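K.L.:
Generate the whole structure from the sequences, applying the supplied hints.
Residues in the sequence shown are numbered consecutively from 351, following our numbering.
Everything labelled a hint here was simulated from the structure, so no lab data went into it. These numbers come from a predicted model, not from an experiment. Don't take each hint at face value.
Said to hold, decoys possible - Straight-line Cα separation of at most 27 Å, DSS-like style, residue types lysine-lysine; simulated pairs:
#1 Lys505 - Lys448
#2 Lys505 - Lys449
#3 Lys352 - Lys367
#4 Lys355 - Lys367
#5 Lys448 - Lys402
#6 Lys505 - Lys566
Claimed, not checked - Restraint ranges, calculated between C-beta atoms of paired labels, are given here:
#7 Ile571 - Trp537: 29 to 39 Å
#8 Met427 - Glu563: 47 to 57 Å
#9 Leu516 - Asn423: 38 to 48 Å
#10 Leu522 - Leu422: 38 to 48 Å
#11 Lys448 - Met427: 29 to 39 Å
#12 Asp476 - Trp537: 12 to 22 Å
#13 Asn503 - Thr363: 56 to 66 Å
#14 Trp537 - Ile474: 19 to 29 Å
No residue lacks a Cβ here, since even glycine has one placed at the ideal position from N, Cα and C.
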Amino acid sequence: MKYCKTCDVKYNTTLHKCLFCDSELIDDKKDELFYNYRPYIKEKKTFRNVYKVLIFINIVSALITMYIDYTLNDKLMWSLIVLSANVYLIFLFTAIYKKMKWSQQTILYIILSSILVLSIGVIIRDYSWAIDYVLPFSIAFNILLLTLLIVINRKNFYDLMINLILMCILGLIPLLLSVLSVTHEKWPSRSTAIYAIITLAAMFILSTKETKEELKRRFHI
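P.N.:
See the structure below:
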């Protein structure tokens, strides 16, 4: 905003001289208001819409295949495999949409894949290979992955430590199944359990006092 001292007239134009007295106009910066607001950024809804469409397609796919399967066979057979895959994809898309940490996403993908394989094994009534090999090896791979992430990524050290502790506890499940004679091949389950116990023991033996105190605080012990 500019104004003329002589005429006391304000100009909101690009003029340099007063129209009445031809005097030089003076910039009045005091009258200018500046707002330190963040620029408005329109939220992109494309990804959210794609997510909704994918979820809808999976639900429709599951319903259609179940209807066709039941119509042809008077019971649900092969459609249950499709249903398992649809549920897996829904969880997968949700994990991507929620923008989880990449380490958490990787672990979740492995767990979901293991559950999918186990589900298919139960549906086709031949789940021994899934319990004997897929379940223990997937847990062992998760333990190894988390161990490497702890060494590499020190920024999320405590979060990864908690995940590793929980994964080591899950590593005892295959051993329990082996003791209950649910599994046919014993060595994968026992190997995973031993690996989990060694990792768990190493964490508590090698960890510092500060780390132990922080873990106690997080577990409310």
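K.L.:
Do the Cβ positions of Met427 and Glu563 conform to the proposed distance bound of 47 to 57 Å?
P.N.:
For Met427 and Glu563 the Cβ distance comes to about 55 Å; the hint holds.
K.L.:
Would you mind confirming whether the straight-line C-alpha gap from Lys505 to Lys449 stays at or under 27 Å?
P.N.:
18 Å, holds
K.L.:
Hey, Lys505 versus Lys566, does the alpha-carbon distance stay inside 27 Å?
P.N.:
19 Å, holds
K.L.:
Between Lys448 and Met427, is the Cβ distance one that fits in 29 to 39 Å?
P.N.:
33 Å, holds
K.L.:
In this structure, is the beta-carbon distance linking Trp537 and Ile474 contained in 19 to 29 Å?
P.N.:
This hint holds: roughly 24 Å between Cβ atoms.
K.L.:
CB of Ile571 to CB of Trp537, is that within 29 to 39 Å?
P.N.:
Holds - the Cβ-Cβ distance for Ile571 and Trp537, about 34 Å, lies within 29 to 39 Å.
K.L.:
Does the Cβ-Cβ separation between Asn503 and Thr363 fall within 56 to 66 Å?
P.N.:
Because 59 Å falls inside the window, the suggested range holds.
K.L.:
Is it true that the C-beta distance of Leu516 to Asn423 lies inside 38 to 48 Å, as the hint says?
P.N.:
Distance hint for Leu516, Asn423 holds at roughly 41 Å.
K.L.:
The hint says 38 to 48 Å between Leu522 and Leu422; measuring C-beta to C-beta, is that right?
P.N.:
43 Å, holds
K.L.:
Does Lys367 sit within 27 Å of Lys352, going by the straight-line distance between their CA atoms?
P.N.:
OK: Lys352 and Lys367 at ~10 Å, within 27 Å.
K.L.:
Could one say that the CB atoms of Asp476 and Trp537 fall in the range 12 to 22 Å?
P.N.:
Holds, at about 20 Å.
K.L.:
For Lys448 and Lys402, compute the direct alpha-carbon distance and say whether it is at most 27 Å.
P.N.:
Holds: Lys448 and Lys402 sit about 13 Å apart, inside 27 Å.
Hint compliance for this structure: every hint is met.
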